[in-house]
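Q: As given, the protein sequences belong to chains A and B, one line each in that order. Taking my numbering, the leading residue of the first sequence gets 1, the next gets one more, and so forth. Taking my numbering, the leading residue of the second sequence gets 84, the next gets one more, and so forth.
Treat the hints as calculated values from the structure; they're not laboratory data. Cβ atoms here follow ideal geometry from the backbone N, Cα and C, with glycine treated the same way. Check the hints yourself; a few may be wrong.
Stated by the list, open to error - Here's a subset of chain A near chain B, in silico, CB distances under 8 Å, partners left out:
1. Arg8
2. Ile9
3. Ala13
4. Met14
5. Arg63
6. Ser65
7. Met75
What the hints assert, rightly or not - Below, a list of computed lysine-lysine pairs in the DSS-like style, where the Cα atoms sit at most 25 Å apart:
8. Lys123/B <-> Lys250/B
9. Lys163/B <-> Lys253/B
10. Lys122/B <-> Lys76/A
11. Lys76/A <-> Lys332/B
12. Lys192/B <-> Lys85/B
13. Lys25/A <-> Lys332/B
14. Lys76/A <-> Lys303/B
15. Lys574/B <-> Lys628/B
16. Lys578/B <-> Lys460/B
17. Lys319/B <-> Lys25/A
18. Lys460/B <-> Lys232/B
19. Lys238/B <-> Lys269/B
20. Lys594/B <-> Lys493/B
21. Lys364/B <-> Lys122/B
22. Lys269/B <-> Lys123/B
23. Lys239/B <-> Lys269/B
24. Lys250/B <-> Lys76/A
25. Lys578/B <-> Lys238/B
26. Lys76/A <-> Lys493/B
27. Lys594/B <-> Lys76/A
28. Lys118/B <-> Lys493/B
29. Lys719/B <-> Lys684/B
30. Lys87/B <-> Lys232/B
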Amino acid sequence: MYMYRPSRIIPLAMLPEGVRGIIVKIIGGRGLVRRLTEMGFTPGIEVTVLKSSFQGPILAMIRGSRIVIGRGVAMKILVEVGG
Amino acid sequence: MKIKVALIGNPNVGKSLIFNNLTGGRSHIGNWPGKTVEKKEGRCIYNGVEMEIIDLPGVYSLTAQSIDELIARDYIIEEKPDIVIDIADASNLERNLYLTLQLMELEVKLILVLNKMDIAENLGYNIDVEALSKKLGIPIVTTIATEGKGMDELKKIIAESIHREWKAKKISYGREIDELIFKFEKLIAVERQFSTKYPTRWLAIKILERDEDILKKIKKSRNLDEILKNIDESIKVLGDEPDVALAEKRYEWISSILPQVLKGIRPVTLSDMLDKVFLDKHLGIPIFLSLWWSLFRFTYDVSAPLSDLIDIFFNRLGDIVKEYISNEQLASFIADGILGGIGGVLVFLPSILFLFFGLSILEDSGYLARAAFVMDKLMYKLGLNGRSFIPILLGFGCNVPAIMATRTIKNEKDRVLTIVVNPLISCSARLPVYILIGGAVLGEYATAGVYSMYILGIVLAVSMALLFRRIIPFFKSGRTPFIMELPMYAKPILKTTVIHMWERGSLFLRKAGTIIFLGVISVWFLSTHPWGSPIEETYIAILGKILEPLFYPLGFDWRGAVALFFGFIAKEIVVGAFSIFFGFGGEGEEESLKQYIRTHKIFTPLTGYAFMAFTLTYIPCIATLGAIYRETGSWKWVLFTVTYELILAYTVAFTIVTAGHLLGFT
C-alpha cells in the first residue's frame, strides 16, 4: 500500500534505530559545530542511527564510520527524514 | 645524518602498532613539556640511515581546540620534522583524508600511509593508490601493520626522502574563498616574523577561520588593522562560522575525488553484528559487568601469589642481612629501609603488568570504546565520563593500577578528575584495618561497619567529583560534548599487548618507583631514630604527640596519629603499627590485639568507627601518590589530592563523632 509521507525535519536524537536521515543543519556553539563538521557531519550527508534508546548516547553511522554522540549533542543535529 | 620523522593520524588507525614496528618496540616515554599528554619517541635504522621517530597524539583535525591537536600542530610548526607520516585507515578513507588535507596545507614533506588494507579489501573496497597519490601530490605506502606488511617499503621511502622533493597539491576552496585567502597571504608574506616561521597560505587560512591561537599570534603584525578589516569583510562572505564553512569545503573536495579512487560499497560487517549484542539495551550492561569482573579477578588473583612471593623474598633477604651484618643500625637501614623500599615498589609490579595485559586486550579488540558507550549515561550523571568506570571499579583492588588505567580516558580534564577521586575507592589494603578496628569495637555490627566503608568510599568519590566539577575552574570548563568514534572489532596482537604491558610496568618502576622508595626510607628513618630509643621516643612519635591535640576532637590519641603516619607507606601497616605499640609481635595474634583495643578502651565504638572512616579517606599511600604524580605529570595534583583528602577525612570523622554523640552513642 502506498502512503504519502511528507518529509520532516527532526533532531537526530529522535530518529529511531535503523532509520536514515539527511543532515540539514547543526545548531549550537561554534566549538561544537566545528567538531561535528570535522568528524564528517556536514549538511547534505546521509546519517543512519544504529543504536538509540530514549536516554543516553546514540550511535550513528556517517561517512563509513561509527560515531557515538551524547544525547545532548544529537538534539542539536537536525536531519530530514521521509519524503 | 639523522632524519626526524613525526607520526600522525586519527585515533584507532594502528599508529602505535606502526610505531612499534618501526622502532622494534623500544621507546622512550615522557610527557610533552608542561602537559599531561604522553610523548613517545623511538629510533629506527634503515640502510645506515638513522631515523628519530616521534609519535604525535591521535587527532581528527589540527585546530586549536584540544590540547592533543595543539601539541601535534605546534610540534610540526616549531620543531619542523624532516618528514611527516600521516597514517590513515584505508577502510575509512573519507574521514581520514580530512586530516591529510590539513597536513598538506601545512606544506610539510608528507607521506600518506594507508593502513588496514586487508580490512578495506574485506569490506570490498578497491583503492586506486596511484590515482590517489596523483590527486594529492604525495607518495603513498600501503600497509597491513598487524602482519608487519609494508614496513620495509615505508622505511625505504623515508630513508630516500632526503634526496627527493615533492609538493602536495593545493586545495581550492572555490574562487571566492581562494581570493580571500590570497588577500591575507599577501599581508603576511611581507613580514619576516611570520613568513619564515609559517607557511603563509596556511596562516592565511587559519586567520580566515579565526583560529584562537593564531589570532593571538598575529597581534604583533604591523598590518593588524588591515587584517582585522579583512576579517570583518570575510564575515560577509562566509558567515559567522568561517571555520565550519572551510571544513565543509574540505569534505566537498574529498567527496569529489573519492569516486575516482575508491570503488565498492560497504556491506554489513561482523562489527555491525557484534554491536547488536554488546550495545544491546538489556545485555550491554551485564556483558560489561562480567567482562570487568573477569579483568578484576585476572588482575588481582593471578598477580596475588607473585606479589606474595616478592614480599616473602624481600623479607627473607632482610632477615639474612640482619643476621650477617653486626652493626644493627646499618642492618636495619639495609633490611627495612632499602630492601623494604625496593620490595614495596616491586609488589605492585605483577598487578600492573596483568592489568595492562587485560586492559590492552580489551582496548585493542575495540571493546573498551563500547564499554564507554554502555556506561556513559550513568557516569555522566555522576559528573564523570563513560571511560571513568573501569578505573573507578579497579580501585577496589588497588588504586595504583586503577590510576594508571585512566590512560584510556582521552579528555584530559575527565582523566585528572577520575585520578584525584580514585583514592577514595576503598582498596584491598584498607580491609585489614576495618577488620581489626571494626572487629574490636563494633561487636555484632562489625560486618555491617566494614561494608559501610565501601559504600562511604563510593559516595564520597561521586560527591567529590560533582563538587570539583562545580567549584574548580579547571574541571568546570572541561565538559566537552561526548563525540567518540567506535573502532571496528579486531583481533588483539600478542606482541602489541606485551609491549604495552612492559611500557606501563617500566614506567611505573622508573617514575612512581623512585617516589615510593624515597617515601619508605623517610618513614623508616623517622620511626627508628634517634637510634635505639623505644617507639614512644622516636621522631615519628614526637610528631604524633605534637599532632595529638588536633586529633583530640576525633577521640584518637597519639598512637592513632602515628599509626596513620605508617599507613602512608601502605594502609595495611596501620594494623602492624598497633601491634608494635601494644607489644604484640607477629601474626596470628590479631584476636588478642582486638581484645587489647577493646579492654584498654583505645577506641570506643564511635571513635573506632570514625577511625575507620578516617583511614578510608585521609591521604593516599605513597604508591598511589607516585602513580598520581606519574599520570598527571605534576606535583600540583599530588598536593591537591593530599590536601582535599585530609580536610575531607577530618570532616567526615568529626561529623561521625559529633552526630554519634548527639544520637547518644559513645
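Q: Hint by hint, say whether it matches the structure.
A: Hint check:
Interface restraint check: Arg8/A against chain B, minimum CB-CB distance 24 Å, threshold 8 Å, status violated. Proximity of Ile9/A to chain B is violated relative to the hint, the smallest CB-CB distance being about 19 Å (cut-off 8 Å). Evaluation of the Ala13/A hint against chain B yields a violated restraint, the C-beta minimum of about 12 Å exceeding 8 Å. Interface restraint check for Met14/A: the shortest CB-CB distance to chain B comes to about 17 Å, outside 8 Å, so the restraint is violated.
Annotation: interface hint on Arg63/A holds; nearest CB of chain B at approximately 5 Å, less than 8 Å. Taken as an interface hint, Ser65/A checks out: its beta carbon lies about 5 Å from the nearest beta carbon of chain B, inside 8 Å. Interface restraint check: Met75/A against chain B, minimum CB-CB distance 11 Å, threshold 8 Å, status violated. Distance restraint check for Lys123/B and Lys250/B: the Cα-Cα separation of roughly 28 Å exceeds the 25 Å cut-off, and the hinted pair is therefore not satisfied.
About 20 Å separates the Cα atoms of Lys163/B and Lys253/B, which keeps this hinted pair within 25 Å; it holds. Simply put, Lys122/B and Lys76/A have alpha-carbon atoms about 35 Å apart, too far for the 25 Å limit, and the pair is violated. A C-alpha spacing of about 21 Å is found between Lys76/A and Lys332/B, which places the hinted pair at or below 25 Å, so the restraint holds. As the CA atoms of Lys192/B and Lys85/B are separated by approximately 16 Å, the hinted pair is consistent with the 25 Å bound.
Proximity of Lys25/A to Lys332/B is assessed by CA-CA distance (about 15 Å); at most 25 Å being required, the pair is judged to hold. A hinted pair counts as satisfied when its Cα atoms are at most 25 Å apart, and Lys76/A with Lys303/B does not qualify at roughly 38 Å. A C-alpha spacing of about 59 Å is found between Lys574/B and Lys628/B, which places the hinted pair above 25 Å, so the restraint is violated. Among the hinted pairs, Lys578/B with Lys460/B is inconsistent with the structure: their alpha-carbon atoms are about 34 Å apart, more than 25 Å.
About 20 Å separates the Cα atoms of Lys319/B and Lys25/A, which keeps this hinted pair within 25 Å; it holds. Using a Cα cut-off of 25 Å, the hinted pair Lys460/B and Lys232/B is violated, with the two alpha carbons roughly 40 Å apart. Taking the CA atoms of Lys238/B and Lys269/B, the gap is about 38 Å. The hint is violated against a cut of 25 Å. Of the supplied pair hints, the one linking Lys594/B and Lys493/B holds, its CA atoms being roughly 21 Å apart against a limit of 25 Å.
For the hint pairing Lys364/B with Lys122/B, the CA-to-CA distance comes to about 38 Å; that exceeds 25 Å, so the pair is violated. Between Lys269/B and Lys123/B the CA atoms are separated by roughly 38 Å; this puts the pair beyond 25 Å, and the hint is violated. Proximity of Lys239/B to Lys269/B is assessed by CA-CA distance (about 38 Å); at most 25 Å being required, the pair is judged violated. For the suggested pair Lys250/B and Lys76/A, the alpha carbons sit about 40 Å apart, so the restraint of at most 25 Å is broken.
Between Lys578/B and Lys238/B the alpha-carbon distance is near 20 Å, which keeps this suggested pair within the 25 Å criterion. Of the pairs offered as hints, the one joining Lys76/A and Lys493/B holds, with about 23 Å between alpha carbons and a cut-off of 25 Å not exceeded. Distance restraint check for Lys594/B and Lys76/A: the Cα-Cα separation of roughly 44 Å exceeds the 25 Å cut-off, and the hinted pair is therefore not satisfied. At most 25 Å may separate the alpha-carbon atoms for a hinted pair to count; Lys118/B and Lys493/B meet this at roughly 13 Å.
Restraint check: the Cα-Cα separation between Lys719/B and Lys684/B comes to about 40 Å, which exceeds 25 Å; the hinted pair is violated. Our distance criterion of 25 Å between C-alpha atoms is met by Lys87/B and Lys232/B, whose separation comes to about 23 Å.
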